[in-house]
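A.B. asks: What follows is the residue order along each chain.
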Amino acid sequence: MDVTSVTTHVGAWARVRPWIGLIARVVLAGVFLFAGGTKVGDLAASGRAVHAYELMPYGLATAVGAALPFIEIAIGLLLLLGLATRLAGVLSAVLLSVFIAGIASVWARGLSIDCGCFGSGGELAPGQSPQYGSEIARDVVLLALAVFLVAYPRTPLSVDAYVLGDVVLEDDHEQQGEEQASQPGGTRATGA
Amino acid sequence: MSSRVKSKQANQVVRAQLAREERKRRLRMITLIAGALIVIAGFIGWGIASAQRSTKAQTPTGASSDGVGLIVGGNGGKAKVELYVDFMCPHCKTFEESAAGTLDEMMSSGRAEVIMHPVAYLDDASTTDFSTRASAAAACASDGGKLNEFSKALFAQQPAEGGPGLSDAELITIGRGVGLGDDFAQCVSDKKYVTWVSKVTNAASERGVRGTPTVYVDGKAVEATVQALTAAVNAAQ
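So the sequences go chain by chain: X and D.
Sequence positions in the first sequence follow the working numbering and run 744 to 935.
Sequence positions in the second sequence follow the working numbering and run 83 to 319.
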């Protein structure tokens, strides 16, 4: 009895997991595409926004600010297509961690800037006050989604699934090769 | 177990092994391609920005010696007052209006030379990049010898944030109102100094000007109030 209930539980998680992954992919893709899209039209402004963090010399800040929107868009496209999902997840997690660290450091140093997360940033528009807390909270949620994709990169409706021939939405024993080895000729526990 | 069954099972194991290796190979390839894509994307951005930065900007005739400011007046004055302003910024308007008389007096008495750095930090605050266009128009007004008058008139008609700002035609009308002519109108319409404004803005960022208005007296940052400005200029006499 115990064994059965545990199996059912695992089965449910395995069925839901790919869909959570798909949602994570689409949400992250949307955020990155939007973030990159709002910055790509004014790369000089993006560089100034990076410089406003006062974390690197001006020349480096302009280079980072110019490259960042394109990298964000590229990651967004990978996530949207579900191409190299684990890599995209790792890069998302790295970027988001850097953003969180940057905002936290600005906050700790008492600087008053627009994070430049979406759009040009740098100077706060008149009458605006910094929103560091909510910006960090948002990035932490996105970071959690990215980490989920690193842990479970196999999602439905993805180029990965198509190219690798994975059957994402089947039960556990189809998930990974290593698991298959332990169940030769495995019987299907539940019907699809 | 017969040998036949055994070899069938062995075949299955081999096939599964081959399939796993093929899958790994494909995964490696996908990851490699995706990684290259990201790196290339980064370099594209860097390349575009470098190309944009090296675009030659026309420098206004009345530019300050550093090339990224406009001499408002008081040439050769004892103190050097530098103002970083954005025509979209309400605090710049209040500062400019409260300090106008003081600045005019400092320039006419030779106590200070005043240089304006018209930046475009707030392009996002209008739907038409009003900050850039207004600052470029200020450079046109400088060419026409009426920067001080134009700047005052422009601040007086500062548009609301979040809207379309003022059109080029409206900027020209304001210019004509202070006595600027067809050359000014042509300069505004041609967007002659738009690239230069971008240079001014980048130079401001490089100097560490994070907001507007920012005031420097003889290279030192001073609080943007008439009192602080007056005190710093007096100290420089």
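Worth flagging that the hints you see were computed from the coordinates, not collected in a lab.
Incorrect hints may appear among the rest.
[What the hints assert, rightly or not] To spell it out: a stretch of chain D is covered by chain X in this simulated footprint if at least three of its residues, at any positions, have a beta carbon under 8 angstroms from a beta carbon of chain X; those stretches are:
#1 101–109
#2 114–121
#3 128–135
#4 258–271
Glycine included, every Cβ here is placed at the ideal spot set by N, Cα and C.
A.B. asks: Does each hint hold? Answer for all of them.
C.D. replies: Cross-check of the supplied hints:
1. 101–109: holds (count 5)
2. 114–121: holds (count 5)
3. 128–135: holds (count 6)
4. 258–271: Since three or more residues must qualify, the claim that chain X covers the region 258–271 of chain D is violated, with 0 doing so at under 8 angstroms.
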